[in-house]
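For the protein sequence lines, the chains are A, B, C and D, in the order given. So in the working numbering, spot 272 of the first sequence is number 272, and the numbers just go up one at a time. So in the working numbering, spot 118 of the second sequence is number 118, and the numbers just go up one at a time. So in the working numbering, spot 301 of the third sequence is number 301, and the numbers just go up one at a time. So in the working numbering, spot 179 of the fourth sequence is number 179, and the numbers just go up one at a time.
One should not assume that every hint holds.
[What the hints assert, rightly or not] Per label pair, the in silico range of CB-to-CB distance:
1. PRO192(B) - HIS351(C): 52 to 62 Å
2. THR289(C) - PHE284(B): 30 to 40 Å
3. ALA371(C) - ASP167(A): 39 to 49 Å
4. THR289(C) - PRO24(A): 23 to 33 Å
5. PRO240(C) - PRO192(B): 46 to 56 Å
6. MET43(D) - ASP44(C): 35 to 45 Å
7. ALA307(D) - ASP167(B): 57 to 67 Å
[Claimed, not checked] From the derived model, a few chain D residues whose C-beta atoms are all more than 10 Å from chain B:
8. THR30
9. ARG127
10. VAL167
11. ASP321
12. VAL357
13. PHE372
None of these hints come from the bench; they were simulated from the model. Ideal placement from N, C-alpha and C gives every residue a C-beta, glycine not left out.
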Amino acid sequence: MATQKITLAKGLNMGLRKAMEDDPKVLVMGEDVGRLGGVFRITDGLQKDFGEDRVIDSPLAESGIVGTAVGMAMRGYRPVVEIQFDGFVYPAYDQIVCQVAKIHFRSKGNTKMPMVIRIPFGGGIGAVEHHSESPEAQFAHTPGLKVVACSNPVDGYWMLQQAIASDDPVIFLEPKRQYHADKAELDDSIAPEPLFTSRVVKAGTDLTLLAYGPTVKTAMKAAEAAATEGKSIEVIDLRTLSPLDMGPVLDSVRRTGRAVITHEAHVNLGMGAEVAARITEQCFYNLEAPVLRVGGFDTPYPPSRIEEDYLPDLDRVLDAVDRSLEF
Amino acid sequence: MATQKITLAKGLNMGLRKAMEDDPKVLVMGEDVGRLGGVFRITDGLQKDFGEDRVIDSPLAESGIVGTAVGMAMRGYRPVVEIQFDGFVYPAYDQIVCQVAKIHFRSKGNTKMPMVIRIPFGGGIGAVEHHSESPEAQFAHTPGLKVVACSNPVDGYWMLQQAIASDDPVIFLEPKRQYHADKAELDDSIAPEPLFTSRVVKAGTDLTLLAYGPTVKTAMKAAEAAATEGKSIEVIDLRTLSPLDMGPVLDSVRRTGRAVITHEAHVNLGMGAEVAARITEQCFYNLEAPVLRVGGFDTPYPPSRIEEDYLPDLDRVLDAVDRSLEF
Amino acid sequence: MSQAEFGPDLVEVFGPSQQDGGPELVQLLTPEGERVHHAEFDMDFSAEELRGFYRDMVLTRRIDTEATALQRHGELGIWAQLLGQEAAQIGAGRALRPQDYVFPTYREHGVAWCRGVDPLDLLGLFRGVDHGRWNPADNNFGQYTIVIGAQVLHATGYAMGMQRDGVVGTGDPERDAAVIAHFGDGASSQGDVNEGFIFAASYNAPVVFFCQNNQWAISEPIERQTRIPLYQRALGFGFPGVRVDGNDVLATYAVTKAALQRAREGQGPTLIEAYTYRMGAHTTTDDPTRYRLSADVEHWKLKDPIARVEAYLKRNGLVDDGFLDTVKVEADELGVRLREGCKALPDPDPHAIFDFVYDEIPAELAEQRDAFAAYHAGFEEAH
Amino acid sequence: MSQAEFGPDLVEVFGPSQQDGGPELVQLLTPEGERVHHAEFDMDFSAEELRGFYRDMVLTRRIDTEATALQRHGELGIWAQLLGQEAAQIGAGRALRPQDYVFPTYREHGVAWCRGVDPLDLLGLFRGVDHGRWNPADNNFGQYTIVIGAQVLHATGYAMGMQRDGVVGTGDPERDAAVIAHFGDGASSQGDVNEGFIFAASYNAPVVFFCQNNQWAISEPIERQTRIPLYQRALGFGFPGVRVDGNDVLATYAVTKAALQRAREGQGPTLIEAYTYRMGAHTTTDDPTRYRLSADVEHWKLKDPIARVEAYLKRNGLVDDGFLDTVKVEADELGVRLREGCKALPDPDPHAIFDFVYDEIPAELAEQRDAFAAYHAGFEEAH
Ligand SMILES: Cc1ncc(C[n+]2csc(CCOP(=O)(O)OP(=O)(O)O)c2C)c(N)n1
Ligand SMILES: Cc1ncc(C[n+]2csc(CCOP(=O)(O)OP(=O)(O)O)c2C)c(N)n1
Ligand SMILES: [Mg+2]
Ligand SMILES: [Mg+2]
């Protein structure tokens, strides 16, 4: 494969295809993943090429999808489950937190659970209720699960393959607002970083700005805007939410002394709470200001006409950056 | 009623009975709540006195229990749902976070959702898997729900009545290990504090120790033990987890400069993360040490023979107290 | 190994008449507009009733057409079309009494119409200005439910509430009430729907489960959800199931009326499978050419629910041109009102984000709200 | 208004023979130990097979008695008794082939026995030293599942995996395989169980749904879960259901064998309702005197699964005292082994808390583990 310019949707589709080519045990399952190729077309063309036994349209029941995928994993398959929208993962929550997460522990490692649960997440697409949720903390709080979020096409391509290759169950979050937004150059001769690592995406010296999934783009814009005012912001794409990869974060905060984290999920008990608590535990004497959090408000997701007021945006992130710098 | 010495189980039973006497719209529903009186006997005698229409044994399906309770609430009833054990609330998670929590918002207040979901929670009873979970953060992260935890018989009696009287849905957590553990004096002529408030249960000057539900007892013991070494610990029973009542906490930390929080839930993204983040945001210059967290480890709940190693205990709390004081 | 190996031959299971609903299909009016009779569900209809059904269906279709066009013009974020399902919805909606209560999905625009909900209020949800602005208490018509199947449990619980209120089986027709729960063929696979069946059977709750089998759940054909006719699901739970021609408003009305009556009398739940077809896309964002044959759609066009009533009315001289014109004018007026009304729907005040999260707003959320207000105020000053 | 008003008269629904399972009950051996014949499920049994069943049931009952006693003596935290359900479990367990796979609840001690799982391993779970130490791969016997009904979906998915492995319907008896999913009457109300039925029907998966209707879900009688015989649930999903006398090991064996064979041949799922009775408490922490009549229990005592086989064997001269003594001695030896073995089960190393949370332990959890180790080491030093 030569290098090519791809969207996130394309990267995920290519990653899935590659994983299915590499390992015949990889199965795809979900609602409308077959002929339709999924409502976001992430599984486009896969059923045609891999058949109905490997790309499985399921009855309309999320607990059933995840629960049967558990059984298939027990039989040696590597199911990649698609949840159609973030807000529809909850009927499967019991199977995910009580079964998927615990089977390896329960069985003392006798039974592996190599499952990937793909969830398009986040808002900003003008949708009706339940289509714009950010459920990551509800999974990251559960031991036994690993949780990652991709933010760009190249990561989409690699991280999905890495998640499928992992013998641990992975909740794989895809920022749906980005699916068809920006293209990036994929050169698959460049080996990817390991899956469970964070990445500094822009170096800086004055403040550490943490983001993942859909907010990475906002964070980058904020850093650029701040740069025009002479403020040097370091941006880190967390990529992995459980486990957290605190190394790069702590390194950065030790240098900058200030941190802001932004995500679309509710602030209260969102990832920001954990990251802030850990930074404070580890960098107490380095901090010049408390870690500030910019997230969705502690309200249900609002009607889409005011969703941009609800979501953390450039201005709110910059406001927090200023508050931190002025603290 | 004269004053009497009661257990937590008795306090809850009396509170339920009182609420049912006061308001004919109050219904009790769950598995085995009828003739058996619930596996913990919290509903003992209620079906006999209030009939099968008000104390309803349900088919064995938690989503069904909560989902039909939603419908009864829409019809003007005030259902008090019993989830048999913490680990069995997850089949109802979808109904709780997508329906119970959101209906008031969705309907612009046209439809109220005065429901109480009682959950015996926490470990230490030597049970098999799924009977010792601490799911509070998974609810507290959800706007639209209120979440409280009682820690003693008197609070059990009052808080349950207050939760039932609330027009908002309340997740009501009961430390099952305490059900029959200690007795306390109930004098129901003394008016209770408001439901959504925290309470200083022991004054102190050197460090603020935060707890709720089953860990309040541990915290009190820790404070006593520390006192023998001349350390003055202020203990706060959080009581309300969503909303948090930060007032007494911040007041205290501003005086002591140090805080430790302990809960049985996993540390990662547990209540401690949020409380620590908020304390740090609000008391940055008052803090002499980072807020330390003592909780269940980030592993599934272990087999019961080693559960006491898993749970935060006196020693681990004291260890954190020392680490904070020596920071 | 092909998928087919894993399932019985579906034609075999359903019989060759599958596409037409099979012999069990209750029908009172054929696609050609001929009145047929049915041993169990037959009833008489006055000319006025028939004209009423016709008018309801025409106006409902107009709501649908307008909303689809509004979406195309960017005025709605999305629209869930009901094209082809008018008879199922009007038949069910008109069978209700005021004291009955409806739990809809996101597609029950025709039922909403029957209940007197302003169609403009429906547009608000799809435009993104609110999550459904109508007050359920005004018309006993619940809010649209988007999480598939969740409302079926609410319906069952509501019906249990009616039992406790003593409005079931009293014999007083003004008093006795029932609930209708709408859902789709896809939804029938959700745990919640099956648990709804179990609770309703266990408590003998006065609820009619009304499933519009429109043959598709987005791209998945009904065969993915069940290998026997869906109405038979009820048998396994111990209550009756009926398959009615969902494109026949008379039959749907008659069957629903009977089931509601049973429920009101305290005889418990019924499952109705309204056998119909989704003529449009799943929603305006869907592209059905990716997964289904246009021949199928053509086949179902011949069963149009409105055309058959019109044919019957005309053949029997029950309508004149004046009536048909009046309905057309009404539809046009409705169209104008929706177009203009939709565009005029005000965007919500951003501060509304914080309203109604709770009945009693906690201090911490009030602080968040106030900070938001201050931030916005400061922002506007600065610009 | 009484609850009774909300439900049909149950005696009416079930018919007067309810307590005896009704005419649909498949039976090959009466409670009196008389061999009867059945049109569909009859089969011949060798004397050896019959003695085998007897021995299995006696030893299974001994496991149960010992474990119950061990709990009383504080050696187990809790125990889920199977008293009365021996025939249902041995009949089902012995019908399996090695390549079949079992998904049990928490009460399948008899099935575990048939699969060759060491009963001591079962005790470990109830003692709290592990969550089930046996390796499912060793005997194709999954771990006990405590969340009601969850395993029914796993079973269905596992069966779908078998389809993909090409071990269904090949005609090779050494190769063709099926899955059996155990669950209780209470569990039949869970969404997961019903979704399991839907998926299995949709994909025609080779799974036998084996429901032990022991009449109780803790304190709730079967009537709370269904108002028609439970085996009929299957009809609504489009596959066969059978009610078998779960206290009759021969009938249970025959019916399960047939259903498994159907599944292995690619003919899809079957629901078996093994009609039985929970003679003991729900678990050792339960007190059934609070909710059921001892007359009921007395009635079912007459249907004891072991007594009827013993009567048959004796009447037909298929056992001598030597055999019966041998089994008794075996049972006593097993009892001793369990008593001693249980007490000797070592408590887990506290550090095991951190083992196997993941296949690949993340650095942050390794840190937590190491800190725990250091803390404990320091602690022990100090003491
Ligand atoms: C729990 C849940 N899962 C998935 C979805 C996404 N979704 C919306 S409609 C739909 C198909 C529903 O089909 P059906 O029940 O037949 O109703 P229809 O749309 O045909 O009226 C799906 C999968 C959802 N809304 N809720
Ligand atoms: C999801 C869930 N809810 C509740 C429980 C608690 N519980 C354990 S066993 C049981 C009764 C189960 O009855 P049944 O399915 O008939 O099986 P039996 O115990 O009679 O074998 C209940 C309610 C549970 N384990 N899981
Ligand atoms: Mg449909
Ligand atoms: Mg049972």
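Hint-by-hint comparison with the structure:
Checked against the given bound of 52 to 62 Å, the beta carbons of PRO192(B) and HIS351(C), roughly 34 Å apart, lie outside it. Between THR289(C) and PHE284(B) the CB atoms are about 59 Å apart, so this pair departs from the stated range of 30 to 40 Å. Between ALA371(C) and ASP167(A) the beta carbon distance is about 45 Å. The supplied range of 39 to 49 Å therefore holds. In this structure the supplied range 23 to 33 Å holds for THR289(C) paired with PRO24(A), their Cβ-Cβ distance being about 31 Å.
Between PRO240(C) and PRO192(B) the C-beta distance comes to about 51 Å, which sits within the given range of 46 to 56 Å. Separated by about 58 Å at the C-beta atoms, MET43(D) and ASP44(C) break the suggested range of 35 to 45 Å. Distance hint check for ALA307(D) and ASP167(B): the Cβ-Cβ separation is about 59 Å, which falls inside the suggested range of 57 to 67 Å. For THR30(D), the shortest C-beta to C-beta distance to chain B comes to about 32 Å, beyond the 10 Å cut-off, and the non-interface label holds.
Not every beta carbon of chain B lies more than 10 Å from that of ARG127(D), the smallest distance being close to 7 Å; the non-interface claim is violated. Against the 10 Å criterion, VAL167(D) stays outside the reach of chain B, whose nearest CB is about 31 Å from its own CB. With a closest Cβ-Cβ approach of about 41 Å to chain B, ASP321(D) is found to remain outside the 10 Å limit, as its non-interface label requires. The beta carbon of VAL357(D) is not kept farther than 10 Å from every beta carbon of chain B, the shortest such distance being approximately 5 Å.
Its beta-carbon lying about 7 Å from the closest one in chain B, PHE372(D) breaks the requirement of being farther than 10 Å from that chain.
In this structure, the hints that do not hold are numbers 1, 2, 6, 9, 12, 13, in rising order.
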